Amino acid sequence: MSRRADISTQTVAAPGLATVGDFVQLLKPRVMSLVVLTGVAGMAVAPGSLHPALEIVAILCIAVGAGASGAINMWYDRDIDAIMNRTCGRPIPQGRVAPEEALAFGIILSGFAVMTMGLALNWLAAGLLAFTIGFYVFVYTMWLKRRTPQNIVIGGAAGAFPPMIGWAAVTGDISPASVALFAIVFFWTPPHFWALALYRKGDYAKAGVPMLPVVAGVRETKRQMFAYALLLLPLAALPAFLGIAGPLYLAGALVLGFTFLARAWAVLRSPDADIGDPALQRPAKRMFGFSIVYLFGLFVLVMLDGGLGLTAPLADLAAGFGE
Amino acid sequence: MTVVAGTPERDDERRAFERRRRQRNLALLFALLAFVILIYVITLVRLDGSVPGAG
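Protein sequence lines correspond, in order, to chains A and B. Per our numbering, the first sequence starts with residue 1, numbered consecutively. Per our numbering, the second sequence starts with residue 1001, numbered consecutively.
So here's chain A without its partners, still in its complex pose (with noise of 0.2 angstroms):
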């Protein structure tokens, strides 16, 4: 089979349709916010600070960069977009935007947000950044995404870079903290994402794209996001146990760890005969709108509780109980 879909599926774009909400919808904003939250956590609990006009700009930044990534991403998927239902609405398959428009978008945006970070922020950081737009678009995109079920295993990582990114604006470095939050964010990924590919499966398939439900079938994939979640429990404890976060994040993270592993044992015991049944999507559909909630409480935690050091970190009520 090509990797390509037929071309014949494709719209072709007339000029002048494009509004500026096209092109907004070609950063895809509801994967930039989960970005720009996770990105504004490692900054906040990164040891030491930032002039607030710098903080601003590494923010706009990650977010800038992580929208290009997806417009490049639009720009190359455009042949699938227009067979699956999710994405057919896009603006590239709607005919409003004309791919090469898309790709001249997100090579612009990707030169400003890697060259803005370097000379306003650090190199190391621009470098991150380079580094997960470039993975994102050739190793998750063009490569893995038609090729293996592991996509978004391997992919995922591009998503979870940008909590290392805004560590290392504030910081210049990388530190075993910062790679806790990329954990985080890398095992959270395929649960998240095989969550949405169960209701989704008969989109993939049509579209060629290998998803574990669709190569590897429900119960096996049912059976990694569990395993997924599990592993999860004690990677998101981690913060509080690298000096970042203290007893609330820990107490949080645990209560939004089983949550998060009851709705993967809840889509483990449902079952899997026919997963177009909409009864039957129902634990899946609550698993991925949960695991939105589940990363956003977590990010949210952390910077509250180690960005403002609401309960000191774990470390210091140690040695204070040993004094």
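Read the hints as simulated data drawn from the structure, not as lab findings. Only a predicted model underlies this, so the values are computations on that prediction, with no experimental measurement involved. Mixed in with the good hints there might be a few duds.
To be verified - In silico SDA-like pairs for lysine to any residue, Cα to Cα no more than 20 angstroms straight-line:
#	chain 1	residue 1	chain 2	residue 2
1	A	K28	B	A1031
2	A	K28	B	R1024
3	A	K28	B	A1027
4	A	K285	A	T259
5	A	K28	A	A98
As the list claims (entries may be wrong) - Facing chain B, a subset of chain A residues (Cβ under 7 angstroms, in silico):
#	residue
6	T19
7	V20
8	H51
9	A53
10	L54
11	A120
All C-beta atoms in this analysis are idealised placements derived from N, C-alpha and C, irrespective of residue type, glycine included.
Following the hints, complete the assembly by docking chain B onto the known chain A.
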């Protein structure tokens, strides 16, 4: 009358086309102005020398 390639000929289509083009041009203008202001602010802050890890 000369018709520019890709420009719709019907009046209502032409008005919609011109409105969208005006919106895009204004957005681009604001983006460029914001970029100039951004570089100006970054320069001022960087001259202060308060950036850790900066070359």
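Evaluation of the interface hint that places A:H51 against chain B, nearest CB under 7 angstroms: With a minimum Cβ separation of about 5 angstroms from chain B (threshold 7 angstroms), the hint on A:H51 holds.
20 angstroms limit on alpha-carbon distance, applied to hinted pair A:K28 and B:A1031: holds (18 angstroms)
20 angstroms Cα cutoff - pair A:K28, A:A98: holds (17 angstroms)
Restraint satisfaction for A:T19 [CB to CB of chain B, less than 7 angstroms]: At 5 angstroms from the nearest chain B Cβ, A:T19 passes the 7 angstroms test, so the hint holds.
Straight-line alpha-carbon gap A:K28 to B:A1027, limit 20 angstroms: The hint holds at about 18 angstroms.
A:K28 paired with B:R1024 [C-alpha distance capped at 20 angstroms]: holds (18 angstroms)
Per-residue hint verdict: A:L54, partner chain B, C-beta under 7 angstroms: holds (6 angstroms)
Satisfaction of hint between A:T259 and A:K285, Cα-Cα up to 20 angstroms: holds (15 angstroms)
Supplied contact hint for A:V20, tested at 7 angstroms Cβ to chain B: holds (5 angstroms)
Given hint A:A53 near chain B, where the shortest CB pair must fall under 7 angstroms: Holds. Min distance 5 angstroms.
Proposed interface contact between A:A120 and chain B, which counts if any beta carbon pair is under 7 angstroms: holds (4 angstroms)
Checked against the numbered hints given earlier, the structure satisfies every one of them.
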